[in-house]
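> Spelled out, the chains give:
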Amino acid sequence: MAEETFLTDDFLRQLINVGEVDILVGLPTHNNAKTIGSIVKTIQEGILRWFPRERAVIINADGGSRDGTPELVTGISIDDVRPGSNLNALRTLHAISTRYGNSPESKTAIRTILSAAELLQAKACVVMSPESSTIEGEWLAKLLRPVRNEGYDLVSPAYRRHKFEGLLITNLLYPMTRALYGVRIREPYAQEFGFSGRFGGEFLTQNKWADATDGDGTELRFTLAAITGQHRTCQVFLGQKEYIERRGSDLVPALRQTVGPLFSAMEPDFPMWSAVAGSQPGPTLGPDHEVLLDPMRINRKRLREMFSTGVSELASVFQSILSPSTLEELRAIAGMDEADFHYSAELWAKTIYEFAASYQKAVISRDHIIQSLAPLFRGRALTFITENRNGSAEDVEKNIEILCLEFERLKPYLLQMWKSRE
Amino acid sequence: MPLTQDVLWYKDAVIYQVHVRTFYDSNDDGIGDFQGLEQKLGYLQDLGVNAIWLMPFFPSPLRDDGYDIADYTAVHSSYGTLEDFRKLLDSAHDRGIRVIIEMVLNHTSDQHPWFQESRSSRDNPRRDWYVWSDTDERYKGTRIIFLDTEKSNWAWDPISKAYYWHRFFSHQPDLNYDNPAVREQMWKVMSFWLEMGVDAFRLDAVPYLVEREGTNCENLPETHAILKDFRHRLDENFPGRMLLAEANQWPADLRPYFGNGDEFHMAFHFPLMPRMFMGLKLEDRKPITEILQQTPEIPPTCQWSLFLRNHDELTLEMVTDMERDYMYDSYAENKTMRLNLGIRRRLAPLLDNDRRRIELMNGMLMSLPGTPIIYYGDEIGMGDNINLGDRNGVRTPMQWTGGWNAGFSNTEPDRLYAPLIQNPVYGYPAVNVQAQLGSGHSLLHWMQSIIAVRRSTAVFGRGSIEFLRPANHRILAYVRRLGNESVLVVNNLSGTAQAVELDMKRYKGSIPIEMFGKNIFPRVGDLPYLLTLGPYQFYWFRLRRI
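From first to last, the protein sequence lines stand for chains F and V.
Quick note: to get my numbering, add 70 to the position in the first sequence (first position is 1).
Quick note: to get my numbering, add 8 to the position in the second sequence (first position is 1).
These are calculated hints, taken from the structure and not from any lab test.
Glycine is no exception: its CB is placed at the ideal position from the N, C-alpha and C atoms.
Among the clues, some could well be false.
[To be verified] Covered, in the sense of this in silico footprint (three residues per stretch, anywhere, with C-beta under 8 Å from a C-beta of chain F), are these stretches of chain V:
| # | stretch |
| --- | --- |
| 1 | 279–293 |
| 2 | 297–303 |
| 3 | 323–337 |
| 4 | 477–491 |
Given the sequences, and given the hints that come with them, work out the whole structure.
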């Protein structure tokens with residue numbers, strides 16, 4: 071019954087008015103009033119400039135904003151109802167909004183957007199972040215054109231980032247997905263991505279939306295579904311990625327949204343990933359990354375303390391998750407001076423693989439497993455920062471590549487861990 | 009059927025545009041003529057039109073299909089005699105059909121005796137009847153209209169060794185309206201035809217009568233003053249007659265041609281037409297409602313003249329570059345279909361011969377504010393021949409039957425003024441009046457029906473318009489109102505079925521009666537009025553309060 075009432079009657083009415091579209095821009099929001107105005111304006115300009123003849127719609131899936139975010143989105147509609155609507159536009163551009171709940175949940179937001187895409191028979195779709203300060207109209211073209219013109223099903227972004235931004239991606243998600251699936255996608259957990267209506271519809275049907283155990287992280291599952299479904303994927307370089315308002319730096323929710331779904335996917339995807347060795351670069355339009363080197367203040371001492379404290383306080387938890395040798399090595403580096411501290415790529419890869427296997431065994435609560443990864447990640451982040459503190463862009467990339475290759479090299483170890491549970 | 013005495017007759021008219029040459033050949037010379045047209049007036053009466061607009065039929069070298077006039081007070085011998093024209097006029101009037109003729113004020117043929125005199129010497133009394141110059145540097149800010157053929161608005165005359173001004177082809181020198189003698193002469197010409205009984209003039213190319221340095225030489229106050237003077241003389245001497253302006257301009261620039269109801273009675277709404285095609289292709293009402301929003305109010309005695317196609321190219325002068333590109337790509341992918349800034353195609357081929365789209369476009373033509381004009385042959389869905397030069401591809405013989413020469417002429421096919429349309433889809437064996445009269449569901453019968461419904465009420469010709477603007481942008485909905493009468497029009501511009509909710513609170517309690525089938529629909533209540541429409545479907549509802 072819940073399935074039947076997922077979309078509200080009001081939203082359905084709005085979709086009827088929109089009708090079939092060529093392009094759909096999805097915009098998940100929650101209290102983004104400070105930023106959304108300029109973002110939707112940029113989106114509108116991008117549509118008018120790059121897709122002036124296409125039937126397009128902006129779909130806002132809002133998680134209960136109380137700051138007028140939806141009104142700011144719908145206000146940029148181009149039609150003949152509002153005076154001052156853009157007279158240079160060939161056609162009507164609907165910007166519609168629906169509230170799916172009282173709190174943000176990317177799973178429901180994405181589901182809403184995919185449902186709209188399916189109902190509107192959208193040919194090419196793009197999801198845009200409501201927080202990017204550096205979004206450009208051209209991003210729409212870059213993310214949609216491979217779908218429209220070249221038949222890709224998923225277009226992942228690549229960004230120019232600071233070398234210490236996105237450490238969870240560079241140190242875990244990218245190397246892990248690359249090693250597992252053999253496909254090099256730099257941003258497997260993207261907030262901006264393009265996709266075909268065909269693939270969106272397939273994911274909408276096949277994804278287990280009612281499964282609450284995976285938490286959020288639908289974006290990652292979307293990427294993995296494209297890979298495992300052998301859909302055509304590519305990457306496109308967008309430019310600099312910055313946030314107008316930085317989100318909270320709470321690591322645990324981030325791990326829940328990313329590592330949780332990644333670990334969860336490993337069981338159903340086992341037949342595929344277990345047969346993959348090494349990795350291949352995929353089609354990329356533009357560079358697959360660019361690195362900014364500006365100085366950045368990072369409290370390394372704090373990272374070091376949080377790592378050591380975690381290793382000490384979570385010892386009993388780690389005993390359930392990690393192999394004795396891995397745990398022993400972690401204890402050893404936890405006792406090192408800051409100057410000698412080094413969480414090696416090999417040890418990190420082994421750690422993650424052991425966590426993944428334990429996640430499958432559910433040796434303890436899966437959520438506790440994910441939470442307990444936080445201090446270890448901080449230790450790995452500290453090493454990455456230390457290694458690359460004075461490094462050039464090439465040095466940083468080289469270290470990321472070393473890490474990735476380590477994940478790939480140790481994949482038999484993962485399989486061994488995995489099979490040992492059986 | 010006598011003519012109505014209402015001086016605002018043009019508001020209720022349905023006009024049929026026809027070239028004498030193209031319609032029916034009564035003397036087997038391969039060229040249509042006045043007697044032939046007179047013989048076919050019954051067809052036009054049955055169609056339901058109550059006015060015909062005849063393209064130029066004056067003596068002419070025919071280098072611009074008669075818009076290059078060599079004698080304003082005679083008729084071209086190919087079409088008959090002046091007496092034949094008089095008989096046609098009387099017969100039309102007897103059938104309740106008014107006659108609108110062309111009056112090309114702006115220019116003559118270079119073969120006109122006036123120009124021959126004017127160029128003969130700089131001292132000739134008629135020298136100043138045209139615009140001469142020793143340099144081609146004057147009026148630099150003036151655009152060239154026929155971009156495909158003309159490089160300048162000045163042409164060198166080797167006889168009098170000077171440049172003469174022409175806004176159209178170089179063989180069409182512009183008259184000099186700064187000369188009072190020219191103005192007097194042209195009024196005499198107009199009076200000649202009005203005294204004969206002609207009901208109205210379509211005044212050709214009116215924005216260009218006067219030239220002034222430092223301007224674009226269009227829509228100048230001096231031009232309006234001349235036109236107002238003609239109108240004043242018309243009202244004084246020939247009340248009830250009408251002037252129709254051909255001024256391909258933006259709505260705001262068109263508005264002055266109505267003056268305070270003291271200049272033109274009617275003017276073509278040029279910018280609307282391409283936007284109707286655009287709205288249909290985009291499946292979006294925005295282009296249509298926007299141009300109508302930009303259309304200023306006109307005096308109550310004035311009227312817009314609406315058309316889908318005519319003898320010229322589908323003009324794209326009054327659209328933006330982006331819109332023009334879209335129109336070209338949508339309707340004239342084959343570049344031979346393009347001419348100047350337009351598309352030289354007929355209605356049916358433009359709409360892929362899709363009966364539903366043809367009906368929808370005609371439905372809008374008949375229900376938007378203004379007087380509709382039907383181009384000959386479009387009522388049966390005639391095709392065009394893009395292999396003929398200039399705009400001749402849309403000026404081929406009328407297709408009356410599937411027999412010899414399409415029933416247009418008994419002459420040898422080689423003698424026809426233009427080849428017949430012969431292709432399998434639009435050729436005369438497939439598309440002709442006789443066949444369609446024999447088929448109850450033909451386009452011709454449908455056109456007869458919609459014209460009859462249009463003429464059953466004055467609301468379409470005289471009523472106000474209120475756009476409803478439902479959230480579904482594929483639906484163009486409006487209410488036409490005149491006194492206590494209201495008609496709801498709902499058009500689905502989309503090729504797919506659509507649902508639409510109309511805000512009809514203002515009409516709560518009304519009972520919609522569909523005007524073609526006369527069926528009653530559910531009463532308008534408090535809730536938005538829900539309608540579903542099939543692809544390209546439209547409804548006209550009379551809203552009755554009973």
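> Take the hints in turn and mark each one as holding or not.
For each hint, the structure was consulted:
1. 279–293: holds (count 5)
2. 297–303: With 3 residues close enough to chain F, the hint holds.
3. 323–337: Three-residue rule met by the stretch 323–337 of chain V, so holds; n is 4.
4. 477–491: holds (count 6)
Comparing the model with each numbered hint stated earlier shows that all of them hold.
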